[in-house]
Amino acid sequence: MRFTINGSKREADPDIRASLLDVLREEFALTGTKKGCDHGQCGACTVLVNGRRINACLTLAVMHQDDDILTIEGLGSSDTLHPMQQAFVRHDGYQCGYCTPGQICSAVGMLDEVAKGWPSHVTDDLSAPVLNDAEISERMSGNLCRCSAYPTIVDAIREVHEA
Amino acid sequence: MSDVAMDAPYRPAALDRAEQGLLGKPIDRYEGPLKVSGAAPYAFEQAPEGTAYLAIVTAAIGRGRVTGIDAAAAEAMPGVLKVIHGDPRMPAGEGNSRAMPTMGGDEIFHYGQGIALVVAETQEVAREAARRVTVHYDEQPGRFDAAEVEVQQDHKLGFLPPVNRGDLDAALAQAEVVLDRTFTTPIHFPAALEPHATLAWWEGEQLTVRSSNQVIGGAKGTIATALGIDKDRVRVLAPYVGGGFGGKTGVGQEAVFAAIAAERVGRPVKVALTRRQTAYMVHHRSPTTQRLRIGCDRDGRIGAMGHESVAYQNDDSAFLEPVPFGTLPLYAGEARRFRTDLARIDLPATGAVRAPGEAIGTFAVECAMDELAEQLGLDPIELRRRNEPTRDPTSGKRFTTRRLLDCYDEGARRFGWDKRESTPGSRREGEWLIGMGMAAALRGNFTVNAEAEVILGADGRATVKTDMTDIGTGTYTILAQTVGEMLGLPISAIDVVIGDTDLPPSAGSGGSFGAGSACAAAALACEDILTELALRMNAAADDLRLKDGAVTAGGRTSPLADLVRDRPITARGKTSPGKESQATSQASHGAQFAEVAVSAITGEVRVRRMLGVFDIGRVLNEKTARNQIVGGMVWGLAYALTEDAVVDPRNGRFVNPDFGEYHVAVSADVPRIEAHFIEEIDDSANPAGAKGVGELGIAGSGAAVVNAIHNATGVRIYDMPVTLDKLLSSLPPV
Ligand code: FES
Ligand code: FES
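Protein chains in written order, with the UniProt record's numbering: chain A, 1 to 163; chain B, 1 to 734.
Pulled out of the complex, with its shape left as it was, chain B reads as follows (with noise of 0.2 Å):
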């Protein structure tokens, strides 16, 4: 096995070598003609013959007990097979390798919670026995108004603690120029297309468990604690997930409530959560209050910065957003103070959703560096220029690469950011006022552990095998390419087996993690078999050209598949942190645009266009790449304008849990947008030298528009989205 642990920077020579031109190019997808004719099996689908359907009972009040079910109803249904309750095992909400919730209870945490299963011959009377089963409830006063719960200073949740460098207090006191603001953000629902879904089945002591979850390898060992059984015992498959932005990184009631089904009807059992309970069993982002504070001189060089916040979680679950993840590498200043409360609230459970900390974070601080900037007369990116660290601002470590000044510069060359007027709602188009804004974009990367196994076989044809997702993120088509890059393979060459917990174990996709991880894997799987084929050609593993399924060295040449004849190379590769991770600060970066038409009549905003430009360390796939980052992109725009949760006070219910009133982004929002990419290979942070694209996007994205809102107007919003009441009564004569 080809094990790297990144204690120093690493590049595989082949990937350098580059003799097939795969890896980055922008290929079409490798599954695509199975997503695009419908064949390609999401969880619930192709389920084996004599499949039931679960039907999940939900908790009808926002705090309190079960005291009773009364089933018989429902059980006396024709096509009911079982009425499930009180199974100990039956948890009380999403659980992950980390934090288990609640197994067994009757304890209701909040409104929407799974408390009873109805398993039936078919959905529709499954859906029905469901709405007959009757539960009898103790309700409590719940906590649902955010403004009201108390907030806590010492805790111990959240895997960020607080950072308290210098004297914030006495720096802000002595700074000539400070900014102090105060913004929230709105709950935020992950609201992946294809709702979570399970299809399990047993065979004899053996569970499968088809899920729609971005982390399997995880999902595994979670599900086997909540069955009390020996993780050797359950197989996780997803084989294709439809959309995940952290939602289903860990494992929902639902999962459970299947295998706990199959077992006790002795059938295969499938479940999808109806689109609103989405909403209640599955994470969504925390909303958050954040007070930025900024102390500077007249010139703009920050010496204070203080990013606190509060954030909401409920009483069974222990994830807290890392507001300041962000910020903490972003701009200079010795005396800095980082710290995020916790306020405990009766409400489904807050987690990660695409970039946590910074897709919120960053959009506070951004908004905050746009305001500094008018009060101190400079351009904003003159601002961050004069702000732009040489080490980890916060840790004193090393950068490995950070091109962030490159991508304001280029960004703004692409976008014609010298037109835009510097004084705000100095242009106009009719009814249209029209601005310009931008922001920074950051979003940490880490180095984790992943394997991955690659089989080159008797026909000269490559196998990769890991149990990474693609949950979008175009992950069977960047392994492809780099097993087909690493062998000199052509795309047509490469089988890729992904989605089974049976192959050997990456990291899943979150994080922005997956790609850099599973890829690198893959590569160093790949450097074994070059030096089994060295030996096999009698040259130097480094003497070997490799394309097209033929190699070379020392003046001979032979196709793969005859070197290879009756004994297939099977190798493993891992790669995983090390002291190099340890000793540097890494992150993706980039510079987002923004241009806006605010209606002065209605206060409605239309973004005219986008463009982003993006330090993400190596590309593995342009294509794929690009339109992760764009999607990212198009979250900013609506989190910025459109999307928001929100709760009832008086019953912890959302007002807005389906697609019909919490509004992400249609085709009809989105204008023309444009992503570069400056590519440096990042060899510290991991052997593929790819950094993080998936969640880089939303960072900045929002608080550009926002910007570019103010630019137009004049109005700065601190209470996110922007919507239209917020605007009206601020915006200047018609």
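Pulled out of the complex, with its shape left as it was, chain A reads as follows (with noise of 0.2 Å):
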């Protein structure tokens, strides 16, 4: 199978039970990407497939033949950190970080749905979404904190949308 993860072109034989979080865990070694439940409960495995955000745990790997995959390595690495990951730092957006490398794909992929016009539950004109912090807690509930530094994480994610 062929891939494209964080813009190379990667190649695998996966076996056909194994989750797309999995291969990339163990047969990429990109562990940045975390299993927190395994059962798209927790978000922990957050990734943007062809730019979307999906949970990593509960697609098969072989279901993503020439997707265009990005993991939160791709996103920056820790000398050149994408501004969103340097606004969690800069907020203290997360505790035991665990659950942030899902939760910065999930922020970017969803400012970017936010973008394209898409509402959400909460959402006043459907028409034309504002993204206030209701609509960011709204949008971010698929990403469990256990440590629940919540409100740093949504002090992090509205700065990058206000810049």
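Please note: incorrect hints may appear among the correct ones.
Stretches of chain A that chain B covers, calculated by requiring three or more beta carbons in the stretch to come under 8 Å of a beta carbon on chain B [to be verified]:
| # | segment |
| --- | --- |
| 1 | 22-31 |
| 2 | 46-56 |
If you want the ones that stay clear, here's a sample from chain A, every Cβ over 12 Å from chain B, calculated [as the list claims (entries may be wrong)]:
| # | residue |
| --- | --- |
| 3 | Arg-2 |
| 4 | Thr-4 |
| 5 | Arg-10 |
| 6 | Glu-11 |
| 7 | Thr-59 |
| 8 | Gln-65 |
| 9 | Asp-67 |
| 10 | Asp-79 |
| 11 | Leu-111 |
| 12 | Gly-117 |
| 13 | Asp-125 |
| 14 | Ser-127 |
| 15 | Pro-129 |
| 16 | Val-130 |
| 17 | His-161 |
| 18 | Ala-163 |
In case anyone wonders, no lab produced these hints; they're calculated from the structure. Yeah, the Cβ is synthetic: ideal placement off N, Cα and C, and Gly gets one too.
With the hints as a guide, dock the two chains, each given alone in a separate frame, to form the complex.
In structure tokens form, the structure reads like this:
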């Protein structure tokens, strides 16, 4: 199978039972993407596939022939941080850090959804969503943070959105 | 070695001079860039080449024995390396430095207990093979229903013996006003987002274990005991831990299993519990029944206080939730009775989860105080003020720092408490009933042993080493800040090395004692370095001024690197409890406030805002401390409203063992939260002057929410969590 992962062409021959998450972590050693539940319940495994955020634990690797996959490692490395990564550091949008790559990938994907005008459950004007804090929280509620750094996560995302 | 037992208050002079201006500042996390880029390695990650995967077969019955295991089908699968069972070193449950589980038996104490191991080349094969292992049982009837089990008053479990002072019954009989209420609290999962995971490998006789663990010094001994080998043969690493909340204080079955498996297959082995396995193989906080009795006069002066509870444990574990721990020093009152009875049950182990005792004990007492204030026609803060003790009302010991009254005042002012309607149910916005509530927060402070080493190198950089863990608590950062402050170095000139039992022993992360003790040990090590620098400067240590990597004394200034040259300075610091610790009553304190909106139609509760003011001694890093406190407040919110692990009483299984049905807070549940500190350095707590932070936030926050629900609706619920079904039938007419 061929994928584009973080901009590079990669090949693998995954077990048909393997989730995209396990292939990223165990085969490609991209362990920035985390496993919190393996059941689509926590968002720790969020990656961007063809620009959209998905739970990598809920999809089999064999379903992603030729897909363009962006993980936290592709967003920015520790010395060249993406603006969203910088904002999480500045606002302390984490504690243990385990949910963090998923939060960041999810936030990047989410801002793109808003830019495209996609409404959410709490959107007043469905034709023109405005990203206030309630919208950020609603749209980020698929990403659990057991450390409960939610207020600072919202701060970080708001700042990137406003920049 | 600079060795300071807390026989008297102690504060390193250099922390007072604070020339670098680093300690306490809200600086970004030291390890932040690694975490946000996914480069920080957690237990399961960055394993050596050739690491095999372990999957655990768990018990499918709730009580009984394993009579046979048929592994042939699993062993026949390509890629399976070994199926392991019946190894006498396999623990039946979690162990720690105080108590070990049954080893190597065939007894099943609870559903979901680990009983056999499958090691395979890949995760997929291991998982499938584990399903093909057939286990035969002799199933026995289990005690699964908390309402049905027998309660023992006479037991030796737990660290908190019963307290009986004066004659509680007589004092209650004489009191002008008596409140007698019984509260129940649910099973509470720690549910760290990183599941328990361990990577183990052997090099000859030497075992190395990288494990998601809060207290690796203890884990080293526990793993050695389980394996029957010398402690020196075990090294435990935990550079990054994806949350703990008490659930990773001991050594879970999986850590020992990984070590056994690695030995048996002669390769590194790694294992991560599945999310559902964490519900069974990791301890949870016991459910409790708590009877609160408070007797007072018409002015609200308390003369009698009883806090008597029942908590649960299985037959193979020794912990007991210290329910009234936070009630002991909280309010005045001569006659006192505090007791926790034990009920044995055949469920997964109960254990320490974030603020054992206070998280649920202060919850009940703070809801009771709210109701008592209402009965007396007093403001809830006024009732608390009238019962603020001047010495510990249970032990008679003097308090060290206690700014509870200031926390109430500042909290009330910042929150706008004066806008609270004292008549419940009188504020309404359309469908929503609005209310405000408050509660006291208290968490006992522990002084513990800790050591650290600091090396001032030839390049003028300092390295601090200790076997502490950072479980999201900010350990990396506050250690760097402490050393920077002591030695006059910017944060960029400091390296922090933790999470390795080859380093000087710390107390680990638990009981909120990690930050204060580790920073104290690091500061003490720096004091020795200052002494040596003074010698090299030919000056008195107290005359040294250190800032930005330069030392000034007697009019001379020298770069640190020049003073060190080819003679790096290595020093050790040690802190331990002493006479002052014994003679005093110590705690962190706070006041919690919440505003809620309750739908008069559906009973849905929305927390609109929360605010807390806290007294935690020295604030080591304002940013990380605040984040942790806020996290604790969110825990209180979720504990009050949604978290509730439900047992099926027919078979001892959880109905909701994962995040799909066990509802931790999500972003949409969490409102704007403010946390403020009243900083008074506690020189009796430890040489860093810092009291506990990580657990304080959950104490009282749930009670503030529940009290706000009452203020909004006039309904009091005594059975946690306050879900819509409990509220709905009592709500005022729409
Ligand atoms: S690991 Fe994929 S959602 Fe939890
Ligand atoms: S930072 Fe720990 S789970 Fe979010």
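For each hint, the structure was consulted:
1. Counting residues of the segment 22-31 of chain A whose beta carbon lies closer than 8 Å to any beta carbon of chain B gives 6, which meets the minimum of three for the stated coverage.
2. Counting residues of the segment 46-56 of chain A whose C-beta lies closer than 8 Å to any C-beta of chain B gives 0; at least three are required, and the coverage claim is violated.
3. With 12 Å as the threshold on Cβ separation, the claim that A:Arg-2 sits away from chain B holds: the shortest Cβ distance comes to roughly 21 Å.
4. Every CB of chain B lies more than 12 Å from the CB of A:Thr-4, the least distance being 18 Å, so the non-interface label holds.
5. The claim that A:Arg-10 is not at the interface with chain B holds, since no C-beta of that chain comes within 12 Å of its own (minimum 17 Å).
6. For A:Glu-11, the non-interface assignment is confirmed: its Cβ lies about 18 Å from the closest Cβ of chain B, beyond the 12 Å cut-off.
7. The beta carbon of A:Thr-59 is kept farther than 12 Å from every beta carbon of chain B, the shortest such distance being approximately 15 Å.
8. Once the 12 Å rule is applied to beta carbons, A:Gln-65 is consistent with being away from chain B; the minimum gap is 19 Å.
9. For A:Asp-67, the shortest C-beta to C-beta distance to chain B comes to about 19 Å, beyond the 12 Å cut-off, and the non-interface label holds.
10. Non-interface status of A:Asp-79 relative to chain B is broken: a Cβ of that chain comes within 12 Å, the nearest being about 7 Å off.
11. Every C-beta of chain B lies more than 12 Å from that of A:Leu-111, the closest at about 15 Å, which supports listing it as non-interface.
12. Every CB of chain B is more than 12 Å from the CB of A:Gly-117 (nearest about 21 Å), matching its label as outside the interface.
13. Non-interface status of A:Asp-125 relative to chain B is upheld: no Cβ of that chain comes within 12 Å, the nearest being about 19 Å off.
14. Distance to chain B confirms A:Ser-127 as a non-interface residue, since its nearest Cβ pair spans about 22 Å, more than 12 Å.
15. Annotated as non-interface, A:Pro-129 keeps its C-beta farther than 12 Å from every C-beta of chain B; the closest such distance is 15 Å.
16. Annotated as non-interface, A:Val-130 keeps its C-beta farther than 12 Å from every C-beta of chain B; the closest such distance is 17 Å.
17. With a minimum CB-CB distance of about 15 Å to chain B, A:His-161 clears the 12 Å threshold, and the non-interface call stands.
18. No beta-carbon of chain B comes within 12 Å of the beta-carbon of A:Ala-163; the shortest separation is about 17 Å.
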